[in-house]
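Number of protein chains: 2
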Amino acid sequence: MVETTIKKHNFSAGPAILPQTVLEEASHACLDFNGSGLSILEVSHRGKDFDAVALEAEALVREIGGFDDRFAVLFLGGGASTQFAMVPMNLLKDGEKAAYVDTGVWANKAIKEAKLFGNPEVLASSKDANYSFIPKDYDIPSNAAYLHLTSNNTIYGTQLQQFPTSPVPIVCDMSSDMFSRPFDAEQFGLIYAGAQKNIGPAGVTVVIVRKDLLGRSGRKLPSMFDYRIHADNGSMYNTPPVFPLYVTMLTLRWLKANGGLTGIQQKNEAKAAILYDEIDANPLFKGTVAVEDRSRMNVCFLPTNPEHEEPFMKAAKAAGIDGIKGHRSVGGFRASIYNAMPQSSVQVLVDVMREFAKLNG
Amino acid sequence: MVETTIKKHNFSAGPAILPQTVLEEASHACLDFNGSGLSILEVSHRGKDFDAVALEAEALVREIGGFDDRFAVLFLGGGASTQFAMVPMNLLKDGEKAAYVDTGVWANKAIKEAKLFGNPEVLASSKDANYSFIPKDYDIPSNAAYLHLTSNNTIYGTQLQQFPTSPVPIVCDMSSDMFSRPFDAEQFGLIYAGAQKNIGPAGVTVVIVRKDLLGRSGRKLPSMFDYRIHADNGSMYNTPPVFPLYVTMLTLRWLKANGGLTGIQQKNEAKAAILYDEIDANPLFKGTVAVEDRSRMNVCFLPTNPEHEEPFMKAAKAAGIDGIKGHRSVGGFRASIYNAMPQSSVQVLVDVMREFAKLNG
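So the sequences go chain by chain: A and B. Its first residue numbered 16, the first sequence is counted upward by one per residue in this note's numbering. Its first residue numbered 16, the second sequence is counted upward by one per residue in this note's numbering.
Please keep in mind that the hints were generated in silico from the structure rather than gathered at the bench. Errors might be hidden in some of the hints.
It does not matter which identical chain is used: a pair holds within one copy or between any two.
As the list claims (entries may be wrong) - The calculated lysine-lysine pairs, modelled on PhoX-like cross-linking and capped at a C-alpha distance of 25 Å, are:
id	residue 1	residue 2
1	Lys23	Lys124
2	Lys235	Lys151
3	Lys332	Lys63
4	Lys23	Lys63
5	Lys329	Lys63
6	Lys127	Lys235
7	Lys235	Lys124
8	Lys142	Lys282
9	Lys130	Lys63
10	Lys63	Lys340
11	Lys373	Lys151
12	Lys373	Lys142
13	Lys151	Lys23
14	Lys332	Lys124
15	Lys112	Lys124
16	Lys282	Lys301
With the sequences and hints as input, model every part of the structure.
The following block contains the structure:
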């Protein structure tokens, strides 16, 4: 194996940390995939070795998420941003209403694209509070084609802790908390997620869609934007993003071996708890969002004294901590603690916060 | 470095062979990218290390291809199949005419998508001859929005040896011979190419478009399907396919270091010559397409005696030759000899053909 340099503590918001064993397998496959003597980067996507990868990836999504045959599981290129448009293209009829909840930048982009194809109605928004909470008090119109939610808001550090009961299918952008906790597949009409937070590297997007919703809009669509084409062809209508899909399969294997959604939830809750506990206990830091909406994936916090921002960042860097600069629209710090983040790394951050308080408190 | 198994001779049509040094660098970057201590699979696409990769990839495309500031250079997800739709969405007005030359399956898919947005006129087709030649005798209407060509037809093994003089911008699908030979950038309005033949792995598509054509259709487009959005954001409107783009940059670096388009053309011509010479000299094999349209990338040939197909395939496999089964619509054999294919591997194939003729002639 390649000699690695000392591993940093990678708190990046995404693309984000992946399990070390996955990185090692991916590295090896770049030279020799499956003992074939060929690189994963130069094999046919229609060969039996890669076909097995695609089938296993789909089977793992079904098993881990509890999606039976009523759902199609697709792996697409183009990123979750492409889904902002593909969802209404495929599901929303001309002039028809779709319900959206505005919880931040990504929800807004989804709303913007839906306007090109139908009539998105924003049921609720926390924009006036800089998206520091998740609106929960709204009625879902039963004549909407679907209800669109963003389960986790990376920028602000908010997360939907409970999905509402909805009279219409829920469409959910789970890009930043996909497969980080158990959920009830029955509640959803469509789930999409760019892989690059919890389930793989950038370059592949998972779409899970109830088959009875396929073709709902009745619209004539370009083949590549039509879920039906991808479903009918097992995501092999065109050349898929081979390597990103392979690494996603490896990451899903790791997730299954590490207890699936129940197992990972316990770990994620424990990691979030020690960090939020420190934020609440440490007089030099404060959280940025409503306590009940705190994300288990992206922990945003500010220094109580703005002058502490730079020296704390320096102290964190010195401890090998990477990627905790907050998004410009919130400021301060953001520690992203996705599935693959070990608790030991979170503890390093907590220790730096304590030490910093001792020296500067 | 990782210990590699003995390298096979990879004649796959695509995803296809990449330079060994590129595979080794890619493998290393999966564990430690740029000495950062982080994997290329887990770093932010907005960090300075990856930003440098994206900028270098663009600069290399410009330098190698001779594209000045009048062109935008984009790296997109979704594959060339997405471009079949994005080209008319962006360039073709409702009801307007676009000229297409039908040289095979991929050209047909492009024509099919164009019908959703305007009026594609097929100027010429070699369908009746199973696409065994490239039609050249046609007039290009000066009121067409563009002329769409497929420069190389992977399935049939035909290649456009000279681009026509056109009164309208040429849009060219160069997926399977991009950067395999010099060409005059001035002739083109738009070029697109899935990376997975000559310039990288699957998962990223290069689009080079004349800036004055951006927004030509006047259509309101979803952000992800609008070239202007990607051009205005340096292909970073959303998270790009980070790893495929990185490996593409490495492959372009390799291409530049190996003499650029002039250098690679010499090597490609030499490789094609020794293989076609053998096909023409060996009584047990025959070519499948018009001699003047023979592709330098995909060399298709049949056994003169159909019963020889299986034993020859066995003999080739025994010599470490991989991926030469012909496409089902042509049959026989197809040896894809893209940029990264060494002449020594082509020689191995030629030697097997000679030996086979000795034993079976």
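Unsatisfied constraints (hint numbers, rising):
Numbers 1, 2, 8, 9, 11, 12, 13 and 14, in rising order.
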